[in-house]
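A.B. asks: If you're matching them up, the sequences are chains A and B in order. Going by the working numbering, the first sequence opens with residue 87, and the numbers climb by one from there. Going by the working numbering, the second sequence opens with residue 39, and the numbers climb by one from there.
Don't read these hints as lab results, they were simulated from the structure. Certain hints may be false.
Computed cross-link-like contacts, DMTMM-like style, restricted to lysine to aspartate or glutamate with a CA-CA straight-line distance of at most 25 Å [as the list claims (entries may be wrong)]:
1. B:K139 to B:D101
2. B:K139 to A:E312
3. A:K160 to A:D195
4. A:K160 to A:D193
5. B:K139 to A:D266
6. A:K160 to A:D147
The lines below spell out each chain.
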Amino acid sequence: MSRPSTAIRFLAGAALLAVAACSDSTSPTNREPLPVVRTVQPPDLGTLARAVPGFGGLFLDNGVPTVYLTDVSKRGPAERALSGFAQSRGFSPGEIRVLQGWYAYGDLDRWSQAVSFEAFDQGGVVFVDLDEASNRVLVGVERGASHANITSLAARLGVPAEAIVTRDVDPIQYAATLQDQVRPVVAGVQIHFGNFLCSIGFNAVSGGQNSFVTASHCTNTQGGVEGTQYFQSLSSQPNSFIGTEVADPVYVRGRKGTACPKSRRCRFSDASRAAYAAGVPFTLGGIAQTSGPNNGSLTITGTFNVTSEGDAVVGDIVNKVGRTTGWTQGVVTNTCVNTGVSGSNIVQLCQTFVSAGVGGGDSGSDVFGLTGGNSVRLLGILWGGNGAGTQFVYSPITNVEQELGPLTTF
Amino acid sequence: MWTWGGAAVCGAALLAAGLAPVTTYAQSPDTLRFSIVVPDSARPGEAVPIALRLTNPGVRPMDLYLTGRSITFDIIIARPDGEVVWRRLQHVATQQILQVKHLAPGETLELTDRWHQRTDAGAPLTPGDYVVTGVIPTDREPLRTTARLRIMSRR
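Please take these sequences and the hints and turn them into a complete structure.
C.D. replies: In structure tokens, the structure reads:
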């Protein structure tokens with residue numbers, strides 16, 4: 087559950103303490119005019135609990151200040167204690183919404199601390215929260231983890247069964263970048279072999295073998311299988327070995343009657359396949375997503391999902407995600423281009439050019455088109471770019487599968 | 039169709055005999071020293087040797103993140119007003135692999151090529167002053183440094 091009032095516990099306590107000292111409805115003689123606390127800072131909940139009988143929590147319900155009281159007929163102290171807060175949010179004290187609470191804040195606080203102290207010994211607990219918006223103790227557990235353990239723990243600690251709610255949630259992780267270790271492995275993240283860095287193009291299953299595809303030149307030798315060992319994201323990290331090269335067709339020399347120019351070596355794709363090591367988790371069809379195209383961010387904020395494969399035509403807008411320049415997007419400018427590779431005698435046949443950013447380390451990246459929401463159409467494997475880093479070159483997925491064999495990619 | 043765009047000559051000695059080299063330096067924030075070495079002048083039509091040098095002047099080793107299996111570098115020849123007349127990586131597709139290059143203390147990495155005093159279109163150049171810029175792509179901002187070159191008049 088979101089925590090609209092997380093900060094409420096920690097801020098502005100002193101001001102409310104002054105208010106609370108003057109707000110005991112059982113002591114009419116102390117009823118002096120309350121100072122108006124005109125603050126945008128939310129009040130301290132512990133202080134409110136002491137000042138407002140039966141107080142069970144404060145939160146904003148669609149912007150409206152809302153409190154739980156175990157006795158809803160006693161809203162007067164709540165109005166007085168929260169008048170400044172309500173006014174700072176544009177509401178009069180009389181507009182404060184009061185909900186029936188079942189548990190006093192002090193009890194919830196004590197129970198949540200007791201549960202928190204022991205719950206993290208149970209497997210899969212993500213968080214323990216005094217949830218002001220539900221007047222309960224909320225425990226988040228990873229999907230698949232036991233709820234019963236939490237229920238048993240609560241009973242042993244004397245927490246009423248109805249006062250604790252257990253919910254399946256995703257684990258909370260540090261914000262990872264495309265250059266960090268990412269599990270399950272998705273496309274677009276950094277891979278390391280020898281003294282080189284590249285990116286993963288896409289995950290695939292080939293003949294029952296769990297695999298990923300990257301560029302052929304992102305192997306120990308471009309063309310031919312040498313069993314290149316890959317690490318994600320660096321070999322120096324623990325548990326970083328992810329797989330071994332298993333498919334990388336050799337480049338063939340040009341001769342009359344073929345598409346390959348004379349004295350050159352050719353293939354239709356700069357692509358290779360590596361088999362995942364046993365136990366390495368990966369997401370079939372998953373491509374790391376950053377906050378937006380062409381903004382330079384490398385922080386992973388979500389996942390694209392491959393739902394189809396296809397080809398692009400000139401004028402199409404396509405994307406790539408790679409470890410160096412992140413998510414870039416641009417227009418297809420040329421298709422089926424026989425492309426010489428600088429510094430070699432290699433010609434890649436029938437490649438696609440895109441006017442979009444690229445940088446060293448993006449080799450092997452996925453290239454895809456957006457089809458709606460997070461769904462994408464897989465288009466190919468990026469391998470090259472121009473000197474200015476403003477144009478990238480990729481091998482179409484049709485060429486990749488022509489050379490690596492049929493691949494299940496989603 | 040694009041064709042293969044010229045060979046990189048890496049690490050070869052290049053300075054033409056009889057021409058005094060001009061060396062300029064660009065200092066990167068992490069003390070890496072990047073310099074370009076060109077003759078101060080050249081006779082018309084003569085191939086001009088150009089060297090880019092990356093030096094680790096420190097006492098600790100450095101890891102450089104450079105592009106390409108053969109390290110990619112660009113040389114840009116421009117007139118003083120900025121008009122580019124030749125670019126080494128013009129119309130060239132380079133592999134976007136990243137190489138972690140270890141540079142020991144005091145070690146220098148040298149990348150060399152020759153410019154044949156032709157424009158990108160292959161036309162000969164007129165005598166005059168030119169600005170020579172060396173660029174080495176990294177996985178962040180490229181390293182960049184410049185020097186001046188005079189193409190002498192025919193006699």
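A.B. asks: Evaluate each hint against the coordinates.
C.D. replies: Comparing the hints with the structure gives:
1. B:K139 to B:D101: holds (6 Å)
2. B:K139 to A:E312: Holds. K139 of chain B to E312 of chain A sits at ~22 Å (cutoff 25 Å).
3. A:K160 to A:D195: Holds, at about 21 Å.
4. A:K160 to A:D193: holds (19 Å)
5. B:K139 to A:D266: Holds: K139 of chain B and D266 of chain A sit about 20 Å apart, inside 25 Å.
6. A:K160 to A:D147: holds (20 Å)
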